[in-house]
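Participant: Sequence:
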Amino acid sequence: MAKNSLFSSVSRGLATVTLLVIAVPASLASAAGFFGRGWWLFDVLASFRPQFFVILLLAGIAYGTLVSWTGGGIFLVMAAANAFVLAPLFFGSPATAEGVERLEIITFNVQADARNRVEVMAWLEDNPADVVVLVVSSIEWEEAARRADLPYEIYAGPLPDRSFGITVLALDARNVESHDIDGDQIVQFTVDFPGHGPVTILAIHPQAPVTPAAAAANELLLVATGTMAAQVEGSVVVVGDLNTTPWSARYRDLMKRGQLESSSTGFGIQPTWPANIGVASIPIDHLLHSADLTTTDREVGPDLGSDHYPVIIRLAPAADEIDAANRP
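Number 183 in the working numbering belongs to position 197 of the sequence shown; there are no gaps in the numbering.
For the record, the hints were derived by calculation from the structure and aren't laboratory data. Where hints are given, some of them may not hold.
What the hints assert, rightly or not - Here are the simulated SDA-like pairs of lysine to any residue, each with C-alpha atoms no more than 20 Å apart in a straight line: (1) 242 to 3; (2) 242 to 213; (3) 242 to 277; (4) 242 to 24.
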């Protein structure tokens, strides 16, 4: 009996230590994510709120059951804080769509040196869109698009002296006007949306915030993009691999500065990177749009050999325009 009691005590102690080792850092990281404007690394931590929510929910229940509901309650409160931030993606409602015309856009970080070009081109042929934005593309990807004889014109691509950039494919019927700014990180072009009018699209790819300098460069491009979006007369779309998540201070600042709506609202988390690691993935490939547009459908595509998944977004004119300027 004494041995059983000792074993039970040791097991409970190990379980308690394990839970604390997991849940305490997750709680601290969750709290730090609310202060992303203060330090770049805190903002990076905010990107993992879905994972923190699951960890803290399970740890809170387990700790409360095995040890104390006081401690377990603290972890559950932190889980709830993450859930509160995540909630708009599940329970938010896009504006009501008007008319039957749709503008379909695909964004996909293909990876410049990837060898899956034939597979990607076949998928694009089977899933035609009005506009395709290939991020971290290359001259080889542009050549693959030409060989595939897709129903697209190539309106932008990486410069010959650059190892990668942004390639824009669009249906000729969309009357595209291209205004290249920087083929590596940002491309501006305008497409015709029948029944609505011209839509200015800013395709961007800021650096991944893995160092202080890279985080600063990421923020600089997002700030510039937000400013450009706000200056556009008429409809505007920002699309690409933003290397940030909807819970980042940089993402929220982009929305506010550019008076933009997130296409993710109401469609769930939809993680896009890294591909094929399940619940550890996060959503960093995005489309944001002005309030006179709305998202009618949004889905993540299949694994096509990149470390990102493609994202397919369908836009419509908004019947009840949201006042983006009044967003908190």
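Participant: All hints are to be evaluated individually against the structure, with a verdict given for each.
Facilitator: How the hints compare with the structure:
This hinted pair does not check out: residue 242 and residue 3 have alpha carbons roughly 43 Å apart, beyond 20 Å. As the CA atoms of residue 242 and residue 213 are separated by approximately 10 Å, the hinted pair is consistent with the 20 Å bound. Taking the CA atoms of residue 242 and residue 277, the gap is about 12 Å. The hint holds against a cut of 20 Å. Proximity of residue 242 to residue 24 is assessed by CA-CA distance (about 18 Å); at most 20 Å being required, the pair is judged to hold.
Checked against the numbered hints above, the structure violates only hint 1.
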